[in-house]
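Per UniProt numbering, residue 1 is the first one in the sequence shown, and the count goes up by one each step.
You may find that some hints are simply not true.
Below 35 Å or equal to it, Euclidean Cα-Cα: the simulated DSBU-like pairs (lysine-lysine) are [as the list claims (entries may be wrong)]:
#1 K240 x K178
#2 K153 x K258
#3 K130 x K19
By construction, these hints were calculated from the structure, which means they are not laboratory data.
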Amino acid sequence: MILSMTGFGKATKQLPNKKINVEIKSLNSKGLDLNMRMPSIYREMELGLRNEISQKLERGKVDFSLYIEITGEETSSKINAPIIKGYINQMKEILPEADVTELMKMAVRMPDALKIEREEIDEKEWSDIKLVINDALENIVTFRKDEGSSLEKEFQLRIANIRSYMDQALILDPERVKNIKERLQIAIDELKVNVDENRFEQELIYYLEKLDITEEKVRLNNHLDYFLETLNGNEANGRKLGFITQEMGREINTMGSKSNHAEMQKLVVMMKDELEKIKEQVLNVL
1 MILSMTGFGK
11 ATKQLPNKKI
21 NVEIKSLNSK
31 GLDLNMRMPS
41 IYREMELGLR
51 NEISQKLERG
61 KVDFSLYIEI
71 TGEETSSKIN
81 APIIKGYINQ
91 MKEILPEADV
101 TELMKMAVRM
111 PDALKIEREE
121 IDEKEWSDIK
131 LVINDALENI
141 VTFRKDEGSS
151 LEKEFQLRIA
161 NIRSYMDQAL
171 ILDPERVKNI
181 KERLQIAIDE
191 LKVNVDENRF
201 EQELIYYLEK
211 LDITEEKVRL
221 NNHLDYFLET
231 LNGNEANGRK
241 LGFITQEMGR
251 EINTMGSKSN
261 HAEMQKLVVM
271 MKDELEKIKE
281 QVLNVL
């Protein structure tokens, strides 16, 4: 079974005063490229989260976002009462007739009138957040499995097409050999010289052996089988599939260079087209 590197997972949970939102998006990449966005209060947890995400997702360009939405009466800003009282007393000395309410409005705008208390991580709250993160990870893994299933069907179709075009090319092989023999015979006849028939046959056999595509057909068949075997294996391995497609390309190219037959060359081009489609999609495999 294969997994796609493309995926999306989202999970939310409502707490008494907060709403937790987690989104994870991933695209294909050679390795793991993890970008994390989360409130600064939870930064000390980032390293552990990175390890968990990397173990779960392995590869891909991953964007992880943790949003905390305050839905209740909760704030980390507190009124700095001693500072504000000091401002008001100073302003009373300057403006003894001023209204206290107006002085208060002015005081709260002064520097240090509000103090930001550093929040501490609540262990219970972090446990709730971890559950939401795990749900989002499970959702993106499910998404990747579904995408991988679609990719697998696509690969099986392309492999079947390549095998079909190869079989059609082999049907043309006797005609190709016949045409080569006829062209060589015509060339000899046009020279109008006497030729040793036995030597001619030996040279012809040697020439046809160099153009024989039997070995390429056997190796390409083996590569196609190995690709499907890897596809159905227990481990998802996009890199391995990529290496196999390279070997498939070598055999198809060799068949094309040896063909010397217009219809066979057309079939080789069609095989190359199918292989390119496989290569494009292999880049998305985990």
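State the violated hints by number, sorted upward, taking the hints as numbered earlier in the document. Hint check: 1 fails alone, others pass.
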